[in-house]
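Asks: What follows is the residue order along each chain.
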Amino acid sequence: GAGVSQSPSNKVTEKGKDVELRCDPISGHTALYWYRQRLGQGLEFLIYFQGNSAPDKSGLPSDRFSAERTGESVSTLTIQRTQQEDSAVYLCASSFRDRGRSEAFFGQGTRLTVV
Amino acid sequence: AQSVTQLDSQVPVFEEAPVELRCNYSSSVSVYLFWYVQYPNQGLQLLLKYLSGSTLVKGINGFEAEFNKSQTSFHLRKPSVHISDTAEYFCAVSAPSGGSYIPTFGRGTSLIVHP
Chain A
7 GAGVSQSPSN KVTEKGKDVE LRCDPISGHT ALYWYRQRLG QGLEFLIYFQ
57 GNSAPDKSGL PSDRFSAERT GESVSTLTIQ RTQQEDSAVY LCASSFRDRG
107 RSEAFFGQGT RLTVV
Chain B
6 AQSVTQLDSQ VPVFEEAPVE LRCNYSSSVS VYLFWYVQYP NQGLQLLLKY
56 LSGSTLVKGI NGFEAEFNKS QTSFHLRKPS VHISDTAEYF CAVSAPSGGS
106 YIPTFGRGTS LIVHP
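Taken in order, these protein sequences are the chains called A and B.
Under the numbering used here, the first residue of the first sequence is numbered 7, with each subsequent residue one higher.
Under the numbering used here, the first residue of the second sequence is numbered 6, with each subsequent residue one higher.
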């Protein structure tokens, strides 16, 4: 596709359930980022993938959060035993590996609501 | 580690008036600086970026920003705003950290243009 694609666009889940969010980056982009955007707040970094290197997981808020990426393609963010504080928009972005000089291209996000 | 401060959470302005959205950053190393815009119900997109060279950079839709190293600022300006500029604006900094370049975002500034 032409841009970063995220699915689902909206997800309502019950507290305690697991959810899986998907991101399809732009073809050729080796870097992939997940961010969380809570209502009225900025973007909170979660995890970063760069090619086949070990991911930078320093932003994951708890061990309930995990993410995988298959090579330089699709990524999934999994939240186990969801809590109400997990409600947010989850944004995925991708970019060329250009040592920070390249812009990040963002998807539309997945709005997660935990009830 | 780097950080970004956007001093104003909301900036109301009348149409055709000038506007400045403030951004300050902290980093112990050289940085790359970005401004992104998020229109209602859309994903983030790049407005402009500073990598090196001229400290005044021009972006899309008539926006420009000036990099000031001594004041560690990267304020965004537009001489005359339109209703269509109503959106959320995010300042971001990218700097090396353990071999990675992970963009750090500010909390965002909501620009509200009144007729």
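I should point out that these hints are in silico values taken from the structure, not numbers from a laboratory.
Misleading hints may appear alongside valid ones.
Under the rule of at most 25 angstroms between Cα atoms (straight-line distance), these lysine to any residue pairs were calculated in the SDA-like manner [to be verified]: (1) B:Lys54 <-> A:Ala8; (2) B:Lys63 <-> A:Lys17; (3) B:Lys54 <-> A:Phe51.
Asks: Can you give the numbers of the hints that this structure goes against, from lowest to highest?
Replies: 2
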